[in-house]
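In mature numbering (1 follows the signal peptide of the UniProt record, and there is no 0), the protein residues as written are -25 to -1, 1 to 68.
Any given hint could be a false lead.
Heads up, simulated DSBU-like pairs for lysine-lysine below, C-alpha to C-alpha not over 30 Å straight-line [unchecked claim]:
(1) Lys64 / Lys47
(2) Lys22 / Lys43
(3) Lys64 / Lys22
(4) Lys64 / Lys32
(5) Lys64 / Lys14
(6) Lys43 / Lys14
(7) Lys22 / Lys47
(8) Lys47 / Lys32
(9) Lys43 / Lys64
(10) Lys32 / Lys43
(11) Lys14 / Lys47
(12) Lys14 / Lys32
(13) Lys32 / Lys22
Because the hints were derived from the structure by calculation, they are not lab data.
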Amino acid sequence: MFPRLPRLKALALAATLGLAAPAFASGDRCQAGPETGWKPLAELVQKLSAEGWRLRKIEIDDGCYEVKGVDKEGRYHEAYFHPQTLERKGWAH
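Construct all of the structure, not just a fragment, from the sequences and the given hints.
Given below as structure tokens:
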């Protein structure tokens, strides 16, 4: 359906998304602490791409990385990931 993004394009997308979200708010869902301890968006993009996700959008919400995309089975997801550990913290509703 959609071609997989080459690694370089995925990293460029992550960098662009990171610049587009200058105000990182600390929220309650992830309790991630100050953004200086957060992993870069590029690492999350690389992790999810390796798992077969086709990413549509990544934004900061409630102190988490909120990811919208399609998994390797073709299912659409909106999920929250902890910005320090990159562990999934739940599904967006």
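Hint-by-hint comparison with the structure:
1. Lys64 / Lys47: 20 Å, holds
2. Lys22 / Lys43: Holds, at roughly 14 Å.
3. Lys64 / Lys22: Distance ~15 Å between Lys64 and Lys22 Cα, so the pair holds.
4. Lys64 / Lys32: Satisfied, since the Cα-Cα distance of roughly 17 Å is no more than 30 Å.
5. Lys64 / Lys14: 15 Å, holds
6. Lys43 / Lys14: Between Lys43 and Lys14 the Cα gap is close to 18 Å, so the pair holds against 30 Å.
7. Lys22 / Lys47: Holds. Lys22 to Lys47 sits at ~13 Å (cutoff 30 Å).
8. Lys47 / Lys32: Distance ~16 Å between Lys47 and Lys32 Cα, so the pair holds.
9. Lys43 / Lys64: 14 Å, holds
10. Lys32 / Lys43: Distance of about 5 Å is within 30 Å: holds.
11. Lys14 / Lys47: Within the cut-off at roughly 24 Å; holds.
12. Lys14 / Lys32: 17 Å, holds
13. Lys32 / Lys22: 15 Å, holds
No hint from the list above goes unmet by this structure.
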